[in-house]
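K.L.:
Next come the chains, spelled out residue by residue.
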Amino acid sequence: MKEYKTDVLIVGGGPAGLSAAAEAAGAGAEVMVAEGDLHLGGQLVKQSHKFFGSKDEFAGTRGFEIAKILKNEISQYGGRVKTFLDTTVSGYYPDEGAATLMTGEEEYFRVYPRKVVVASGAQERLIPFPNNDIPGVYGAGAVQTLMNVYGVVPGKRVLMIGAGNIGLIVSYQLMQAGVEVAAVVEGMPRVGGYWVHAAKIRRLGIPILLRHSVKRAIGDVFVTGAEITEVDERFNPVGSPTEIECDTICLAVGLAPSGELLWQAGCEMKYVPNLCGHVPYRDRYMRTSNRDVWMAGDVSGIEEASAAMIEGRIAGLAAAESLGYKVKAEKFEIFWARLKNLRAGEVGDKIRAGVAQVVVDGWEAK
Amino acid sequence: MNAPAVFESGVLTEERPGAVRPPADLWKGKKGGLVIVECPQRIPCNPCNTSCPVGAIIAFKDINDVPAIDYPKCTGCAMCVAKCPGLACFVADLTFGDGVALMKLPYEMLPVPAKGDRVKCLGRTGDAVCDGTVENVTEPHRDRTRVVHVSIPAEKVNDVRAIRVV
Numbered sequence: 001m002k003e004y005k006t007d008v009l010i011v012g013g014g015p016a017g018l019s020a021a022a023e024a025a026g027a028g029a030e031v032m033v034a035e036g037d038l039h040l041g042g043q044l045v046k047q048s049h050k051f052f053g054s055k056d057e058f059a060g061t062r063g064f065e066i067a068k069i070l071k072n073e074i075s076q077y078g079g080r081v082k083t084f085l086d087t088t089v090s091g092y093y094p095d096e097g098a099a100t101l102m103t104g105e106e107e108y109f110r111v112y113p114r115k116v117v118v119a120s121g122a123q124e125r126l127i128p129f130p131n132n133d134i135p136g137v138y139g140a141g142a143v144q145t146l147m148n149v150y151g152v153v154p155g156k157r158v159l160m161i162g163a164g165n166i167g168l169i170v171s172y173q174l175m176q177a178g179v180e181v182a183a184v185v186e187g188m189p190r191v192g193g194y195w196v197h198a199a200k201i202r203r204l205g206i207p208i209l210l211r212h213s214v215k216r217a218i219g220d221v222f223v224t225g226a227e228i229t230e231v232d233e234r235f236n237p238v239g240s241p242t243e244i245e246c247d248t249i250c251l252a253v254g255l256a257p258s259g260e261l262l263w264q265a266g267c268e269m270k271y272v273p274n275l276c277g278h279v280p281y282r283d284r285y286m287r288t289s290n291r292d293v294w295m296a297g298d299v300s301g302i303e304e305a306s307a308a309m310i311e312g313r314i315a316g317l318a319a320a321e322s323l324g325y326k327v328k329a330e331k332f333e334i335f336w337a338r339l340k341n342l343r344a345g346e347v348g349d350k351i352r353a354g355v356a357q358v359v360v361d362g363w364e365a366k
Numbered sequence: 001m002n003a004p005a006v007f008e009s010g011v012l013t014e015e016r017p018g019a020v021r022p023p024a025d026l027w028k029g030k031k032g033g034l035v036i037v038e039c040p041q042r043i044p045c046n047p048c049n050t051s052c053p054v055g056a057i058i059a060f061k062d063i064n065d066v067p068a069i070d071y072p073k074c075t076g077c078a079m080c081v082a083k084c085p086g087l088a089c090f091v092a093d094l095t096f097g098d099g100v101a102l103m104k105l106p107y108e109m110l111p112v113p114a115k116g117d118r119v120k121c122l123g124r125t126g127d128a129v130c131d132g133t134v135e136n137v138t139e140p141h142r143d144r145t146r147v148v149h150v151s152i153p154a155e156k157v158n159d160v161r162a163i164r165v166v
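Note that the protein sequences, when read in sequence, are chains A and B. The numbers in my numbering rise by one with no breaks, and the one at position 303 of the first sequence is 303. The numbers in my numbering rise by one with no breaks, and the one at position 10 of the second sequence is 10.
These are calculated hints, taken from the structure and not from any lab test. For glycine and all other residues, C-beta sits at the position ideal for the given N, C-alpha and C. Be aware that a few hints might be false.
[Claimed, not checked] Among the chain B residues that face chain A by a calculated CB cut under 7 Å, a handful are:
1) Val11
2) Thr13
3) Arg42
4) Ile43
5) Pro44
6) Cys45
7) Asn46
8) Asn49
9) Asn64
10) Lys83
11) Gly86
12) Lys120
13) Leu122
14) Gly126
[Unchecked claim] Stretches of chain A that chain B covers, calculated by requiring three or more beta carbons in the stretch to come under 8 Å of a beta carbon on chain B:
15) 51-59
16) 126-137
17) 190-197
18) 342-351
Using the sequences plus the hints, can you model the full thing?
P.N.:
So this is what it looks like as structure tokens:
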């Protein structure tokens, strides 16, 4: 079996991983990025909308363009950043300091990294309802991949479940692709995503049905409709259900951090509902309780890509610094300030409260 | 649905901080028009300010602040209309003609209309408010967000927020 050594192994080539790679390599470290997909950029490559934030987070730039900017940034470090596509990190063994990787389905190899940054992202949640296993029921990520990576529309008329940013943005993208969106259904009494994203699709005529939930998918061999119902504060159905005609039901009901490697690395984890699942305790440098392991992006708690990119920079820089590479200490101050700004608004309340539950003063202090 | 619930679903029902109409006196005589921003939620975002060439969108103390506008400075250039990731900036020029206003609206759909086309003008819930005539289509930042200049009956400027090509 092939074996490699590297300063920093970065698990995941999305916004957090690429940002970590840029900072670690910029500080002088040798970096390996393992990406399970066939291309770098993670979810950014599917994002055709313009990003929020400030210029530092590429505000006003479309997500897939940001992926290109990050790829260009790491390419300037030449051989110092090695990227492995179609490559999954299947295990991490802290006792040996070894990670096992697999390219495609045949080629297995081992990497002995001095430090690891886990930026493995998240997995979509699905909700149970009768008939949800028939063709035509999709996760929002799959719809985006079909449309924005492969240029295939998922159907002609879509019912969107969930009015978080993903549900709202994907509804807009469906409209752009010429697909009708019958409605967006949301269990809460308000949209979970940015109000302006909701306004954007409302003025195109898409209804957003708050306090509603999907009851079942209708159809024998594929989706021909959905039954939805109004719900009360406890999400119990109220009144009689309504039938919506559609050939696609798109679930945008949230994400859960993909922390499997962190569990395996022995990182202390905690279930934090505000961060959407089990996430590791971390210090301000994004270091976990395993002194060789940092993390960034959705695996640390579900948040916007703009925050993931800053966390990635912090983690990459800190991992390089721990190896003795010289870094400018003020860079951390700048990144922390940017992160604080991003989280300062009302949408950031939930994130701030979540992070407060898992942030430690410093592992030495603990 | 009551007004608060309508607002929570993404429809502006009344003026509120971050979503106010320009001052009427200045607005009616301002050639080029004035910006209307409908961004009532505190979110971390400031490209309206950074894209404004004349400083009419006041610099944010906190990036989460809702936009505030220095109306006398606004030229109606629509740079913010084309830059805002939330498509929440619009321009209305009340001097365009007798009883006719020119609206500059963000547009990211297909097909792209051409000058002279008649289009449906949509309100905040997608309802067809009136017909309009496309006077110009620009792409200020060369990033495929178009700004469609459409002439409409002046009394509809507070209602029209999008177009549909028919």
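K.L.:
Does Gly126(B) pass the interface hint, meaning its C-beta sits closer than 7 Å to a C-beta of chain A?
P.N.:
Holds. Min distance 3 Å.
K.L.:
Holds or violated: is the Cβ of Lys120(B) closer than 7 Å to a Cβ in chain A?
P.N.:
10 Å, violated
K.L.:
Hold the hint about Cys45(B) up to the distance rule: shortest CB distance to chain A must be less than 7 Å.
P.N.:
Given a least distance of 4 Å, the restraint on Cys45(B) holds.
K.L.:
Do three or more residues of the region 190-197 of chain A come closer than 8 Å to chain B, measuring C-beta to C-beta?
P.N.:
Our answer is that it holds, as 6 residues pass the Cβ test (under 8 Å) against chain B, meeting three.
K.L.:
Has the region 126-137 of chain A got at least three residues whose CB is nearer than 8 Å to a CB belonging to chain B?
P.N.:
Violated: only 0 residues of the region 126-137 of chain A have a Cβ under 8 Å from chain B.
K.L.:
Any CB of chain A closer than 7 Å to the CB of Asn64(B)?
P.N.:
3 Å, holds
K.L.:
Can Lys83(B) be said to touch chain A, with a Cβ gap under 7 Å?
P.N.:
5 Å, holds
K.L.:
How about Leu122(B): closest beta carbon in chain A under 7 Å, or not?
P.N.:
6 Å, holds
K.L.:
Would the stated hint for Asn49(B) survive a check requiring a Cβ distance to chain A of less than 7 Å?
P.N.:
The hint is violated - Asn49(B) has no Cβ within 7 Å of chain A, the shortest such distance being about 9 Å.
K.L.:
Less than 7 Å between beta-carbons is the criterion; does Asn46(B) satisfy it with respect to chain A?
P.N.:
5 Å, holds
K.L.:
Should the interface hint for Arg42(B) be scored as holding, given a Cβ-Cβ cut-off of 7 Å against chain A?
P.N.:
Because about 4 Å separates Arg42(B) from the closest Cβ in chain A, which is inside the 7 Å limit, the hint holds.
K.L.:
Interface hint check: Gly86(B), Cβ to nearest Cβ on chain A, cutoff 7 Å. Holds or violated?
P.N.:
3 Å, holds
Checked against the numbered hints given earlier, the structure breaks hints 2, 8, 12, 16 and satisfies all the rest.
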